[in-house]
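> As a plain string of letters, each chain reads:
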Amino acid sequence: MNLSSSYLIQLWIPLGLYLLIMLYIGFYSNRVVSTVSKRNFLGEYFLGNRNFGGYVLAMTLVATYVSASSFLGGPGTAYSQGLGWVLLAMTQLPTAYITLGILGKRFAIVSRKVNAVTIIDVIRERYDNNPLVVWIASMGAIIFLIVAVVGQFVGGAKLFQTITGLPYIWGLILFGSIVLIYTTVGGFRAVVLTDAVQGTIMVFGTVVILIATIMAGGGISNIMHTLKTINPDLLTPYGVDNFIAVPWISSYWVLVCIGILGLPQNAIRAMAYKDSKSMHRAIIIGTVVSGVLMLGLHLTGVMARAIVTEIPQGLTTDNVMPLLAMRLFPAWFAGIFLAAPLAAIMSTVDSQLILISSTIVKDLYLNYINPKVNDDQRKLTSTSMIITALLGLIAILASIKPPSLIIWINLYAFGGLEATFFWMLILGLYWKRANAAGAIASMITGIVSFIVISRVWPRPFGTHPIVLTLILGLIAFLIATYATKPPKEETIEKFWGV
Amino acid sequence: MEKKTFKEDPRYRQTNKETLSMVILLIANIIWWYVFAYGLGSRPPEEYTYIMGFPAWFFWSCIVSFVLFSILVWIVVSVVFKDIPLDSFEDEKKGGKGK
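Residue numbers (our numbering), protein chains in the order written: chain A, 1 to 498; chain B, 499 to 597.
One chain only, chain A, in its complex shape (with noise of 0.2 Å):
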């Protein structure tokens, strides 16, 4: 897009301040590691000790899953498709309250009962160490959020280019080395700080922008009755010449939303809160800016429709919401809504970046491949600072011009994460019987159904893949159970004795 100079200065002036914030948290939240680490580093590199209250848990949750897709992609296709678009996206709303209430205090009980600072830590504990589980789930956990990292640096990257005009080489370096330089510094307290922040930066961006765009289309009858004069379809849950049928929809509520369960990234934050208070505190609040964001970003891509007629050669629906922002808003102000979506993107880096690094480090280093360090907090401290740093710098090199490898696995990751996850961890919280052997049936089973059912048979039924993969991962994991012996008798008491 042509911007003038001024008009640049006025949006950077915002957004640099914006930038400049989360950096100071991560340097705060250095300090805070760097007096507890002495005594217990990874449980404060990695999981902040714990310690967070209701509203941040809460804004924590939601900033780490609501991603590029809801600010930029989903408003995109609300764009075309209409308000069915918008009833796809309120599958959504419960994940808050299904993620902390299903996981939540089970989940807090058991991680303190056997001293857990990652869920792998958990599911080792729970399958009684056998080592192909944790290698198989890390492995998955690895490969896909990578990816994952790898997809939103270049959403990022785009949207930076797009809204600054800086040459998306730049953009990726700035946008990039920011998340990089406080997740490494500040580790896991500095990613839920830093959401917390971003959480709020995005639900005062989506309540001002939908106002604004309710105002400047004449008010919802009259946006409405043009959308209609449109195309009537757009009006309907169907969307535009059925694009959304009922099962394909239907089944959002397994990918979007009980499948969330399966996220580690998500499931990790029902592990990191103070008490029973915070927690369902943060029930409600999450619930609500869950609801506040889905339907609000969603609704606005639908209206705008009525107000950004024309998408300008070159973009795609995917800039509706930088278009409307600089159309609705003045620069300065044009500048923090569109902190916005970046703090969509950087809350679900961070978080998946501070998870890996603790995958490899805690997971695999210090079980497998090198126990001594454990002892040597100095040690441990610069191995996981080093590590977090260079996966980042890896996921930046790649997003330069990501290799047709990582696109492909990318289609995959969301679903990937959970075929590898959902099972095993709802199971092995709340079924006794279950075991190391149904574990990796249902993880293999998963993965490789999941992507082999994505490929020959994309819609199964008229739904989405997830579902029926989810569906035979637990028929593995059953099978699997009950024709090998149950876990061993001090791994159910360890779990659920007193």
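Among the hints, erroneous ones may be present.
Claimed, not checked - Okay, the calculated bits of chain A under chain B, using three or more residues with CB under 8 Å as the criterion:
#	stretch
1	17 to 29
2	167 to 181
3	229 to 240
4	316 to 322
What the hints assert, rightly or not - In silico DSS-like cross-links for lysine-lysine, where the CA-CA straight-line distance does not exceed 25 Å:
#	chain 1	residue 1	chain 2	residue 2
5	A	158	B	505
6	A	379	B	505
7	B	580	A	277
8	A	379	A	38
9	B	505	B	580
10	A	488	B	505
11	B	505	A	432
12	A	494	B	505
13	A	274	A	38
14	A	488	A	432
15	A	494	A	432
16	A	274	A	488
In short, the hints are calculated from the structure, not lab data. Source: prediction; values computed, not measured. Cβ atoms here follow ideal geometry from the backbone N, Cα and C, with glycine treated the same way.
Keeping the supplied structure of chain A fixed, place chain B upon it in accordance with the hints.
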């Protein structure tokens, strides 16, 4: 084979109750979403009725459901969820992290 018995963590009865309440809420949420969206939205758009400017199906299934289920979550959490300690009992015995 004789089964070794152990005392089950009493907090789990409470967490099971909480989990069940969330599952019921989720099912109610899905039904509400589905019934209003397709019950009111299946007719041709010319016959739609409007509430506060929105097509009625959208108003009930997306806007009301958001408000209603936020309130229900608040009620269920206040009624069903209990403020229980999360630390393991051993820690408390040692005088460790317990309150």
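> A separate judgement is required for each hint: does it hold in the structure or not?
Outcome of the hint check:
1. Look at the stretch 17 to 29 of chain A against chain B: 0 of its residues bring a Cβ nearer than 8 Å to a Cβ of that chain, fewer than three, so the hint is violated.
2. With 0 residues carrying a beta carbon less than 8 Å from a beta carbon of chain B, the stretch 167 to 181 of chain A misses the three-residue requirement, and the given coverage is violated.
3. Here the stretch 229 to 240 of chain A counts 6 residues with a CB under 8 Å from a CB of chain B, which clears the bar of 3, and the coverage holds.
4. For the stretch 316 to 322 of chain A, the proposed coverage by chain B is not satisfied: 0 residues have a C-beta within less than 8 Å of a C-beta in that chain, short of the threshold of three.
5. Simply put, residue 158(A) and residue 505(B) have alpha-carbon atoms about 57 Å apart, too far for the 25 Å limit, and the pair is violated.
6. With a C-alpha separation of about 41 Å, the suggested pair residue 379(A) and residue 505(B) falls outside the 25 Å cut-off, and the hint is violated.
7. Annotation: proposed proximity of residue 580(B) to residue 277(A) holds, straight-line Cα distance about 8 Å (limit 25 Å).
8. Taking the CA atoms of residue 379(A) and residue 38(A), the gap is near 11 Å; set against the 25 Å cutoff, the hint holds.
9. As the CA atoms of residue 505(B) and residue 580(B) are separated by approximately 21 Å, the hinted pair is consistent with the 25 Å bound.
10. Pair hint residue 488(A) plus residue 505(B) holds up; C-alpha atoms about 16 Å apart against a cutoff of 25 Å.
11. Proposed proximity of residue 505(B) and residue 432(A) is supported: the alpha carbons are some 14 Å apart, at most 25 Å.
12. Taking the CA atoms of residue 494(A) and residue 505(B), the gap is near 11 Å; set against the 25 Å cutoff, the hint holds.
13. Taking the CA atoms of residue 274(A) and residue 38(A), the gap is near 21 Å; set against the 25 Å cutoff, the hint holds.
14. A hinted pair counts as satisfied when its Cα atoms are at most 25 Å apart, and residue 488(A) with residue 432(A) qualifies at roughly 10 Å.
15. Proximity of residue 494(A) to residue 432(A) is assessed by CA-CA distance (about 11 Å); at most 25 Å being required, the pair is judged to hold.
16. The hinted pair formed by residue 274(A) and residue 488(A) fails the criterion: a straight-line CA distance of about 31 Å is larger than 25 Å.
Checked against the numbered hints listed earlier, the structure breaks hints 1, 2, 4, 5, 6, 16; every other hint is satisfied.
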